[in-house]
Structure formats: structure tokens, C-alpha cells
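A.B. asks: Sequence:
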Amino acid sequence: MELFGEATVADPYAVFGELRERDPVHWSDEVDAWVLTRFADVRAVLHDQRFSSRVLDGSPSAPATSPPGPAADTRTSRVLAGAYTFVNNSLVFSDPPQHTRLRRLVGQAFLPSAVEALAPVVEHHTRRLLDAAGTRFDVVTDLAEPLPIAVLGELLGVPLLDGDARRLKTACDDFLLPWGRDVSSLSDDENRRAVAASSALGAFVDTVLTQRGNAAPDDVVGRLLAGEADERLTHEELFATIVLLLIAGHENLTSLLGNGVLWLLDLPELRALLGEQPDQWPAVIDELLRLITPNQFIRRVAREDVRLGGRTIRAGDATVLVLAAANRDPQHFPDPDRLVLDRTERRDVALGQGPHYCLGAPLARLEARIALRELLERHPALEPAGTPRYAPNLNLRMLTALPVSSSPDRTTPSHENRAAFPSDSPGRG
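If you count the sequence shown from 1, position 253 lands on 253 in full-length UniProt numbering, and the numbers rise without skipping.
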């Protein structure tokens, strides 16, 4: 059974769902790792300190965990420099005590008051983008991609024009080109783009820090810069934190918005209900996160032998935690492929759990709630206007195109006040 091929790109939920039923703790020669698909197992590993987040250490396709040595040629050294700084100073790839310290310092920047203060910013940029989009547009290119970067620019105190936002998004994409690959396999063009991206992101971080050196302590950057001299984030840690915010902050939300609209296009009764009961939006966002799971899987490495699901995971073994499969496990979520507004169990793993639970989760929920609400209020009769297209990306469930049109003369369908909404569309159910 091929787990990471074209069939998975087309419909990951079906492929990993089949594996969850057949072999939930599965050794895969394809990825040289244990693949976990059951909710209970995935949640257990996320909370288990016997598993490390330093998943790139010793991986031949991730040389960025070691600084470029004297034997590395100039080409390789330039590509690895930015990645090395990012990996070794990032929350995502750290364990205690480094992770504990970083989490404490970075967490100060994402207090509920700081996140809620961004609501007018999200509303402004959503309305601006929808004004420009007109009545026939592409949800991905006209809203889902530009909105997160625009909001992040405001959050970091560096407002971005649309052209600046596009260039910054390109830099984030190109920065990831060497990841999961042998650097020597990069083409000359990919090498050039990766080096340029590292430089561009470094320059952007310097701009943020220069402009916000005297930032007020009550905003995100002010909190990142706050603290006593020996309890502040270093420049390298600030670089890693801001780059992580840019990459994770825009990719996850772009995925959630694009796929969220695709789901809602199939559910006219739910759209009508939301028009009458906007207080249901938080429950809808929770369910969309669970059903979509933008980041489909994450990795951990066993520090010691661990028994799980009747198997022994040896020290040093890699594990792939398939969050998307866990979030549709019928043993934990009854009727898992339906959007259920009154679901009693809402602790999914779309944004992780445990020590590495996503610090940006409140911001992602805020942006999604405002953007989708504004979109449907503006276009209550939104309908597909072409074929949606997905990126050939196994890890991120990302649409590259979702053409839609608005028909003002079309009435919104009547509905019953239902709590569960199915979808029979390929790739969503």
C-alpha cells in the first residue's frame, strides 16, 4: 500500500483512514518510520516526553541541524546557513529545557488580549481584498493567500503593500526548498532562490526589529522584545520565531480558508443557518479545522523503546503522526466525516496537543472566523465557477485554485436547523 503517492494527494483522508482500520501502528519502508493513524496513539505521543521533536537530527536529508563544516562548498554553506539558524533556534524542533524557555518567552506575545486586538485589522484587510475581488474571483489567490501575510505584517509592525506581501510569501516558499532533500540535489535555480529567500527573510526580520526596537510592551513584537537581558530571545531566536510565524501563520490559514470555503460551498443549509445564527461560527471553525487538518502529519523520534498499539518502537525510530487520520477516527469522533455543530468532543489534534500545541491557534481561529463570515455575508449565494486544484503537497492540504462567483439574484436555500452537515465531495469526506 503506497502511503505517500498521488492517491494520497487526491484524497488523504481515504488513504490514511484505510490504514487506520488495517494497521494503525504501521512500519513504512517508504518513509523509514512508524506511521500512526489512531487518535489515541497520536495524542499519546504528542504528550509523551519519551518522543523528541528534534526530528531532523542525523537525517541525511536534513543537514541543517549541523553548521556547514569546512568541507562544505560555498554553494552548500550559503543554502544551509539560514536553515541551520532556524532549526536550532525554533520552537518546532526543540525539546526541554530549550523548548520550555522558548515557549515561555514567545508565549508572552500571544496573550488573548493581544490576539483579540487584531480583530479590526483582520476585518479591514478582509473587506479590502473582497472589495478588489468583485463578484467572480479565486478564493485562494484573492483572499486565502494574501490575507494571512497582510495580517502578519500588521502584527509585526511592518504593514505590507500587496506586492510586498507576495514577495514575502515567495521568500517563505523558497526558504523551504532544501527541506527534506539532499542540498546537493538542488538545481542552480532552486539554490539561487533558497539563498535569496534566506537573505530576504533575514532582512525582513532586521526591519521588524529595527522599526520595533522601542515597541510598546502590549503588542506582539513588544512582548517578544521584552524581558531582562538574560531572559530575552536572542537575535537568532527572534529570527527563527518570526520566520516560523510567517511560514506556519500563512500556510495553515491559507489551507483552512481555501478548504473551508470548499466545504461551505457544498453546505448551503449550513450557510443559511450561519446567516441567522452567527454565534455558531466558533463551532464551525473548530469542525473545519478537524475535518481539514491543514498540516496533515508531523514527526517525532523515540528517545527510548516504547510499546504502543502492540508494537515496540525502538529508540531512534522515527514516527509520523497522521493528524488528519486521527481527527477522523470514529472511535473518538462519532460520525467523523460530517460537520457536527453540537459535537461534545472538540479536543482534536489539528493544531497539535501537549507541550507543542500551536501558540498561534487563537489567531488562526480569529482570522478564519472573521474572513469566512465576511465572505458569506458579502456573497450569500456564492457558488463554484471552475474546478478546484490542489498543490502536489503531501504534508499540507493546500488548494492552489478555487474559482467562485456570486449571483445576487439567486436566493439562499431554505433549511432546517440541523446540527450535522455531510459532504460527499471527493477529497473532503
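Bear in mind the hints are in silico, worked out from the structure with no lab data behind them. Be careful, since some hints might not be right.
[Unchecked claim] Here are the computed distance ranges between Cβ atoms for each label pair:
| id | residue 1 | residue 2 | range |
| --- | --- | --- | --- |
| 1 | Arg389 | Gln49 | 37 to 47 Å |
| 2 | Gln49 | Ala391 | 17 to 27 Å |
| 3 | Asp32 | Ala361 | 38 to 48 Å |
| 4 | Glu345 | Trp27 | 26 to 36 Å |
For each residue, glycine too, the CB sits at the ideal point set by N, CA and C.
A.B. asks: Indicate, hint by hint, whether the structure satisfies it.
C.D. replies: Status of the hints after comparison with the structure:
| no. | hint | in the structure |
| --- | --- | --- |
| 1 | Arg389 x Gln49: 37 to 47 Å | 41 Å, holds |
| 2 | Gln49 x Ala391: 17 to 27 Å | 34 Å, violated |
| 3 | Asp32 x Ala361: 38 to 48 Å | 31 Å, violated |
| 4 | Glu345 x Trp27: 26 to 36 Å | 29 Å, holds |
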